[in-house]
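177 is the number that our numbering gives to position 177 of the sequence shown; each next residue is one higher, with no gaps.
Keep in mind that the hints were calculated from the coordinates and are not lab data.
One or more of the hints may lead you astray.
To be verified - Quick list of in silico lysine to any residue cross-link-like pairs, SDA-like style, CA-CA up to 25 Å: (1) Lys126 with Ser242; (2) Lys209 with Pro150; (3) Lys209 with Asn285; (4) Lys209 with Asp257; (5) Lys209 with Gly27.
To be verified - Quick list of the computed label-pair ranges, beta carbon to beta carbon: (6) Arg185 with Thr123: 41 to 47 Å; (7) Gly271 with Ala90: 43 to 49 Å; (8) Arg53 with Glu247: 30 to 36 Å; (9) Ser97 with Glu14: 27 to 33 Å; (10) Asp135 with Pro99: 28 to 34 Å; (11) Glu275 with Asp200: 25 to 31 Å.
Ideal Cβ positions, reconstructed from N, Cα and C, are used throughout, including at glycine.
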Amino acid sequence: MNIRRLRPGTDIDEVYVFLGQLEAETGIPPLGESKFVDLVGPHRGVGFIAEERGSICAYLHLLQRESSQVWELEVAAEQLPKGDLERLLAAAATEASSPMLWWTFGESESAAFAGARFPVARTLHKFVGSIPLPDPWHVPEGVRVAHFRPGIDEEHWLVANNAAFEGHLENGAWTVADVLERESRGWFDAAGFRLWWADDRVAGFCWTKRHGPELGEIYVIGVHPEFQGRGLGRSIVIEALSYLAGEGCRTGMLYVDTANATALDLYQSLGFVLERVDRCFAIPNGWPHEVQ
Numbered sequence: 001m002n003i004r005r006l007r008p009g010t011d012i013d014e015v016y017v018f019l020g021q022l023e024a025e026t027g028i029p030p031l032g033e034s035k036f037v038d039l040v041g042p043h044r045g046v047g048f049i050a051e052e053r054g055s056i057c058a059y060l061h062l063l064q065r066e067s068s069q070v071w072e073l074e075v076a077a078e079q080l081p082k083g084d085l086e087r088l089l090a091a092a093a094t095e096a097s098s099p100m101l102w103w104t105f106g107e108s109e110s111a112a113f114a115g116a117r118f119p120v121a122r123t124l125h126k127f128v129g130s131i132p133l134p135d136p137w138h139v140p141e142g143v144r145v146a147h148f149r150p151g152i153d154e155e156h157w158l159v160a161n162n163a164a165f166e167g168h169l170e171n172g173a174w175t176v177a178d179v180l181e182r183e184s185r186g187w188f189d190a191a192g193f194r195l196w197w198a199d200d201r202v203a204g205f206c207w208t209k210r211h212g213p214e215l216g217e218i219y220v221i222g223v224h225p226e227f228q229g230r231g232l233g234r235s236i237v238i239e240a241l242s243y244l245a246g247e248g249c250r251t252g253m254l255y256v257d258t259a260n261a262t263a264l265d266l267y268q269s270l271g272f273v274l275e276r277v278d279r280c281f282a283i284p285n286g287w288p289h290e291v292q
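With the hints as extra help, turn the sequences into a complete structure.
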């Protein structure tokens with residue numbers, strides 16, 4: 001197996017085709033959104049291609065966010081011998097100057113490989129449930145619900161989002177550029193980006209995302225810290241899922257960090273059930289040479 005760095009100007013289309021084929025075979029997106037966005041967009045990260053007989057058999061994307069001191073990586077491969085997987089990770093380790101976080105999706109061979117070698121840093125549960133929900137929702141006095149207005153609401157939403165997710169690796173410290181990039185995507189639906197306003201401030205929000213005609217995702221949901229503890233979260237979820245159901249969706253999905261016990265309790269109380277477990281493993285700095 002040959003391992004080489006991604007050439008952004010010439011390899012993107014081939015990698016894109018490989019990722020699409022892998023998703024079609026497994027039913028799971030082989031790269032998380034932030035890595036995929038970086039691959040096809042600003043190229044802040046580093047890519048490594050593994051080839052067998054001239055064809056791509058694995059792809060690794062390594063990314064360091066501006067707000068973080070750690071590197072995140074994901075490996076896209078259906079089946080890869082353990083020795084080859086270790087070589088691919090070692091190539092990434094030579095590039096990273098700090099510890100790495102490796103996301104794996106579901107009960108894959110990569111997850112088994114990582115679980116035998118590295119500690120778990122985070123765990124995400126993917127929940128699914130039938131919609132619409134029978135549970136009622138209400139808008140408190142002084143609050144109004146409206147859809148997102150591109151070109152007008154970006155800054156207002158960022159204030160609420162970055163306060164709600166302060167210090168969060170994926171959702172915190174977003175910029176206008178991050179929002180505009182999502183607005184440019186084919187799945188973006190301003191009507192499905194639900195904002196709960198208190199006067200001229202966004203008190204809470206739920207950004208939804210469609211996956212085909214009958215599946216809708218709670219993409220990002222949050223309540224500004226100054227408005228927490230008022231029962232907004234439950235109503236925000238139910239209202240957003242009602243919107244998705246009105247658009248033809250029959251199943252809702254979302255991801256919850258297992259460290260967020262309040263969110264886990266909320267979604268389970270609404271009838272959502274666990275479908276998949278994704279894990280993030282911590283690879284120490286200096287691996288594999290300085291770690292036995």
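Consistency of the hints with the structure:
Taken as a hint, the lysine 126 and serine 242 pair is honoured in the structure, with Cα atoms around 20 Å apart against an allowance of 25 Å. Between the alpha carbons of lysine 209 and proline 150 the distance comes to roughly 16 Å, so the proposed pair stays at or under 25 Å and holds. Pair hint lysine 209 plus asparagine 285 does not hold up; C-alpha atoms about 36 Å apart against a cutoff of 25 Å. Note on lysine 209 and aspartate 257: the hinted pairing holds, with a Cα-Cα distance of about 19 Å set against a maximum of 25 Å.
With a CA separation close to 17 Å, the supplied pair lysine 209 and glycine 27 stays within the 25 Å bound. Checking the proposed 41 to 47 Å range against arginine 185 and threonine 123 shows it is violated: the Cβ atoms sit about 27 Å from each other. Against the hinted window of 43 to 49 Å, the Cβ-Cβ separation of glycine 271 and alanine 90 comes to about 44 Å, which satisfies the hint. Distance hint for arginine 53 and glutamate 247: a CB-CB separation of about 45 Å, inconsistent with the stated range 30 to 36 Å.
Our hint of 27 to 33 Å for serine 97 and glutamate 14 holds, since their Cβ atoms are close to 28 Å apart. For aspartate 135 and proline 99, the hinted distance range of 28 to 34 Å is not satisfied, since their beta carbons lie about 42 Å from each other. Taken as a hint, the range 25 to 31 Å is violated for the pair glutamate 275 and aspartate 200, whose Cβ atoms sit roughly 39 Å apart.
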